[in-house]
Amino acid sequence: MKIRGDIIRTYQSIHTWTGIITGLVLFIGFYAGSLTMFKPAIEQWATPTVQELLQIPAIKLDQLINEAAKQQEKVKQGFIINFDENSSPMMWYEKGGGRGLRLDDQLKHATLNEYDQLVSYQGEKNMLGSLIDQLHRTAGIVGKVGHEDLGVLILGIAAGLYFLALISGVIFLLPTLVKSLFALRQNKGASRFWLDSHNLIGVVSLPFHFIIAWTAVVFALHDPFYGGLSVVYGDKPLFERAAPGKTSYDFSSLPPMQQYIDKVAELAPNHTLHLLDFSRLDTTSPSLAIEVKANDQLMRGGYSDIIYMNPFTMEVEYSTVYNEHNSNYGPIVTSFFGLHFGNYAGNLGRWVYFIMGLLGAFLFYSGNLLWLEKRRKKQQQQSKSSKVMAALTIGVCFGSILGVVVSMLASKWLYIYSTQTNIYYLYLYYVSFFAAIGYCLWRGAARGAIHIQLCLAFACLAIVATTIAGYLLPHLELASTFQQKNYFVELIAFVFAMLFFVSAKKTKKRATQGDKHSVWAIAPDKAKQVNQAIEVNTTT
Amino acid sequence: MTNNTVTKIQPHWWRKSLLGVFLGLSFAYSLVALFAWYGPGGIDADIKVQFNMWIISPIWLTIIAFTFMFKTAKQAFLYLASANLISYTLFFALRYTV
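Residue numbers (the working numbering), protein chains in the order written: chain A, 411 to 950; chain B, 5 to 102.
Simulated from the structure, these hints should not be mistaken for lab results. Among these hints, one or two may not hold up.
To be clear about the criterion: a stretch of chain B counts as covered by chain A if any three or more of its residues have a C-beta under 8 Å from a C-beta of chain A, and this derived list gives those stretches [claimed, not checked]:
1) 30-40
2) 59-67
3) 78-91
Where is the CB? At the ideal position from N, CA and C, for every residue including glycine.
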């Protein structure tokens, strides 16, 4: 396919600049997004087993609720009934609750023992998965604009530029696409290999990337878009708002749980009931949020569809479970959400999204490397800005991963030695992140890349070692506190430890034996010291 | 093909970007407005407001991307402004006469 040279040059510039501006925040968004595919599994892995109390038959739920309400005033405001076999049957917030991210929520778990007596346990709600999700949505950028996170808005704009980068990338690649798409030219030098893999991954996963870019823009900026739409709608209201209720209800008039179970079976016959979340029961606008799951179809939330109803009258207020009678547009909108969340093909689909997300992160990382290499060819001497950009690329990308890995590594130890786990996740993340950036700026990108990848490898191995230590050293009470049903986290940590080791080795080889003028090169005399340092590292 | 330089794309980065962002957004809204009122289901269809909100950004971003195909910023302005004029005229004509 032939395209005029001036068009190609124009779109090459657009691709380069949108990519360079957004690459670093999008890298974090993508790799953290990959991890959120397994958010419930990560939180389960990090939550002490004692917090999850035994399930009871559904027929006993009313008795449990009555017992709890008799003993605890808080229950009369709201509570959660969980039908998942790995969760406590009943929970309520002693502190916090509601929407938003808080690190000091105290959640009370309750069940009935064999004599039908109330058993309860109060603990801090583990937020590891939620914090990774927050990192995915904000790239770790703190601050608020109105009620929205600054990081969310920045990522929304970055996603818009990323949409432009995708279109421009396709336009300027078209002429050479067929010829060189599947050519991974390893023999033509490192930068050619990076370019070929960047193009191959970009083109093969293009539909995924368009979907993610578009949905991310909408998730972040839906408020302004609705604002504009209200002008278009004129006198028509965008949403029917229910008039605030005037009736107050008595807690004792709450219908028995079996009625909700029957109602959900009727409303969502293809879903399974996951949980009932009762809130504001003591106000005139009580609410019940019902989460229902279906493993093989698109869902509105990450892991569930949702039905809102008045808990006393059981009148449905809003539902994302659609059928052919109530909406043509509902299922289409749900598919937009589901395509971002990757929830439509069970665990297999989540693994595919996990890998696609990591490949996406690789796309931004390799894009930055390509740009740095290209700039270098134009200028024989390394400019200061190239060095800083290289250091930032390594520091931000690997530093962010290091922050998450260190938080995961520390998680179980924090539970044994302290109770304020969630806040320490934050400290550990930001200290690791900024330390990595600082180290790269101080010692240069080449050394930073080698040393931080080694740190990552060791930290990943230490996650595995922690689990093994739990079994070998029973007095630490690690294994008894965290009784694991599977070892996926350890398996993935081990795989990544190996990847980081290999990658650190390759980076070192390039730094010492590659092109001396590259930003990735270490001057020969100093390279020797690094060599020794690495040998010391790997032998200890 | 004597004046080859004239037919080449002039960068005009800032002007084209701003035109794409503002006129592109207003044009995207005009298309969504036509769809919202006169597309399948009309203005009152259930959940349609969410669908309408969703399709603004892909239309907008695609317009921005292709704004750089115009040879000059002036040309970009002429085409985008005319597109806006036509679609808003159509929208208001339908809205207040039909």
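>> Cut-off 8 Å, C-beta pairs, minimum 3 residues; does the coverage of the stretch 78-91 of chain B by chain A stand?
In response: Not satisfied, violated; 0 residues make the cut.
> Residue count check for the stretch 59-67 of chain B against chain A: does it reach three with CB-CB under 8 Å?
Replying inline: holds (count 5)
>> Just to make sure I understand the rule, a stretch counts as covered if three or more of its residues have a C-beta closer than 8 Å to a C-beta of the chain. Does the stretch 30-40 of chain B meet that for chain A?
In response: Held - the stretch 30-40 of chain B has 4 residues with a Cβ nearer than 8 Å to chain A, which meets the minimum of three.
Going down the numbered hints, you'll see the structure goes against just number 3.
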